[in-house]
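Protein chains: 2
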Amino acid sequence: MAEQLDDLEVLIRDERLRDLRRSLDALNTGDVVDFLERLGVKDRAVTFRLLPKDTAVEVFDMLDQSLQREIIEGLKDLDVAHFFESLDPDDRVRLMDEMPASVARKMMRHLDPRERSLTNIVLGYPEGTIGRQMSPEFVALPERWTVAQAMEKIRRSGQDAETLYTLPVVDRARLLKGVVSLRDLVSADDDVLIEGLMAEADSVDADHDAEDAARLCADRKHLAMPVTDKEHRVIGIFTVDDALDILERAETEDAARHGGAEPLNRPYLSTPVLHLMRLRVVWLLVLAVGATLTVTVLDRFEDTLDSVVVLALFVPLLIGTGGNVGNQAATTLTRALALGDVATRDVFKVLWREFRVGVTLGGSLGVLSLLLVGLIYGWQVGAVIGLTMLTLCALAASVGGLMPLLAKKLGFDPAVFANPFIATFVDATGLVIYFLIAQSILGI
Amino acid sequence: MAEQLDDLEVLIRDERLRDLRRSLDALNTGDVVDFLERLGVKDRAVTFRLLPKDTAVEVFDMLDQSLQREIIEGLKDLDVAHFFESLDPDDRVRLMDEMPASVARKMMRHLDPRERSLTNIVLGYPEGTIGRQMSPEFVALPERWTVAQAMEKIRRSGQDAETLYTLPVVDRARLLKGVVSLRDLVSADDDVLIEGLMAEADSVDADHDAEDAARLCADRKHLAMPVTDKEHRVIGIFTVDDALDILERAETEDAARHGGAEPLNRPYLSTPVLHLMRLRVVWLLVLAVGATLTVTVLDRFEDTLDSVVVLALFVPLLIGTGGNVGNQAATTLTRALALGDVATRDVFKVLWREFRVGVTLGGSLGVLSLLLVGLIYGWQVGAVIGLTMLTLCALAASVGGLMPLLAKKLGFDPAVFANPFIATFVDATGLVIYFLIAQSILGI
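Those sequence lines, one after another, are chains A and B.
Taking our numbering, the leading residue of the first sequence gets 1, the next gets one more, and so forth.
Taking our numbering, the leading residue of the second sequence gets 1, the next gets one more, and so forth.
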């Protein structure tokens, strides 16, 4: 498979479009998507136009929103309307969120009335809520119906529904009473009442945070969850594959921010180099500005440094270790927050745990460095390094554990605020602690 | 909800077990699981024993394997056998992987013959393969059957099946021909042949890597995928919720290793402090040993440092920035590898991209530091810092981009090898570059 895709790239480079078209025909939809995700904007547009119309619609549906946008930008208006209409309402809204508002409005005008009104339901909820990600096309079953009636409705009106495997059960006022699975329906006798098969429903409010809702869906292993309005009426449904998309995006974001960069949110090879650079330069500058603090601190202690140059040798080792300890704690807590294992109200529990972890880690490393450094550079310097290790690790673990919780409490992304901030904070305070300990032990 | 769980913790602390039992009865299964995941070993055992038998079985099924193991260790043999029997074969194998082999064997002996033979199928595949994670309980449909025959089989023998929503279609030799969805079955007429409804199947070989298979399932939005043997006979199925578990575990692992620690693989608050410490100390030591390289480098250049002490001021800033650039690249590529956007054969593409990103980043930061440092510490020092920035960023981005691919190629986890290694490498080589540039510009 892999080599095959490389061969296709050669065909594009050599502009052998007829051969390319023939090779594309032999691929299944998923492979075509994988291939398009490896191409730059221009090659992708060329390749996409070679696809048979049906395949093109399926492929378009599976692409990232950012790539959908780039493809749309290279198409004639008529074709745009066609692809736009072929999407599900929730996918359509996600694409619109990527486009300039004027273009999005224009595309909406081309939709048929039913699709437009479905799209408007989803558009009614703010970005970041589950209402914006749900599908308004679902089949709800009245609780007093029989299995036969339900199956009849499913056969008749199930074509457009996002899923038929988890069906909301409602009362006369369309209030959510529970859910029933298609699995249970097909195994039940025709005259059984729906309310007898119904299970308790985990539902979410449309205003609920999308990532939280997706995590709940994944944790509780639901194939789909009903979305309700404030009165607990069913207004939509969201499925586990949407949950997967949301979680994957959230995790890409966390991973990028751990590394001190903004997330790509699109396939790596399809991203222009300048775009990669822009995503990284802002954080890099912020971190560099923070790091000038270390220059200031060292400048303040230049006399100490001048009289005992050997102290300079351990600066990278010490702040590196401090940074590592802080990072370990921050990463663990960011992940625990994302998984819902820890909440912001657990702050004192976390602080006390991380402080103890930091002291044990710092104690071990401290004794080790006391011995090693002491043997080579003398016991006084050894004591300075050992003591600094202990203090620094305890501080770094506590701050590293605290920061993600604090960030979340203040409404920031825990991943953003945590690692970069910790590195800078630990570097600067670590140096101050180091030189203060050195001054008092070495008597300078 | 949150406050309610805190109240329950108070009940445990005060040993008001009767009140605790009453409060537990009011919670749904998912909430009980959330609560247990916040407790230490002893409190968890006490609470678990208060649950009604039915709830206990459901709760046990939803817990992490590490917590299941701890609970089992606190139970009598008879109860153990009961909980063990209640698990699905694939969940049972995952729990056995957590237990000492002797205990696992003993538990197997208590199983009834059917469950034992199902479990043995899964046990036959090595850890880390999808065969070890699949369910051997599935309903396969012969391609020449009618819809009516199929529905009859589903009703009769569907109780134990892992899923009924994606059904493998097989020929007489049980070779996989395709899949059919229950959704299509219920909407079709009774006398339609299965082969007419069948869609092409994405399947995986049982020996296939579990994480790859899970990623494929998620990317292609399948609710379930058939697992086949070497002859392409269907031997099991794995579902999207198992894929979610596998991916969540993989992402927790990546996140932890980015932070330079081993993953918890269990809820944070349920993990003893000493265990947290052990998960972190090994990497910390490895990194610290690596960081002693920086001490050696600085030791070599001590004379240069002694004659121009001002050079020491910029050491944390320079290696910090180099580390950040390397980290950004490594994080981006690790994630791209995990998502399948990049493969190891793309190594030259990646290297050339990251080198350009590094040069642009280093160029901007270099000019900036030339100006700022030049104004305060003189233009010669400014030139040293600026040039070092440029070189260091280009190097760090290239190495950072390269490492995850190299690690994967060599069969290591990209996340493990990447960030810690990069930090150490960039710190040490960065210092060498810094002092060489300083020596040549300042003429020392």
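Keep in mind that the hints were calculated from the coordinates and are not lab data.
These numbers were taken from a predicted model, which means no experiment stands behind them.
Please note that the accuracy of each hint is not assured.
Just so you know, same-sequence chains aren't split out, so a pair can sit in one copy or run between any two.
Derived DSS-like pairs: lysine-lysine, alpha-carbon spacing no greater than 27 angstroms straight-line [said to hold, decoys possible]:
(1) K53 x K221
(2) K349 x K42
(3) K409 x K106
(4) K349 x K230
(5) K76 x K230
(6) K153 x K76
Status of each hint after checking the structure:
no. : hint        : verdict
1   : K53 x K221  : between (36 angstroms within a copy, 22 angstroms between copies)
2   : K349 x K42  : between (54 angstroms within a copy, 17 angstroms between copies)
3   : K409 x K106 : neither (40 angstroms within a copy, 48 angstroms between copies)
4   : K349 x K230 : neither (34 angstroms within a copy, 51 angstroms between copies)
5   : K76 x K230  : neither (42 angstroms within a copy, 47 angstroms between copies)
6   : K153 x K76  : neither (40 angstroms within a copy, 50 angstroms between copies)
The structure does not agree with the numbered hints 3, 4, 5, 6 stated previously, though it agrees with the rest.
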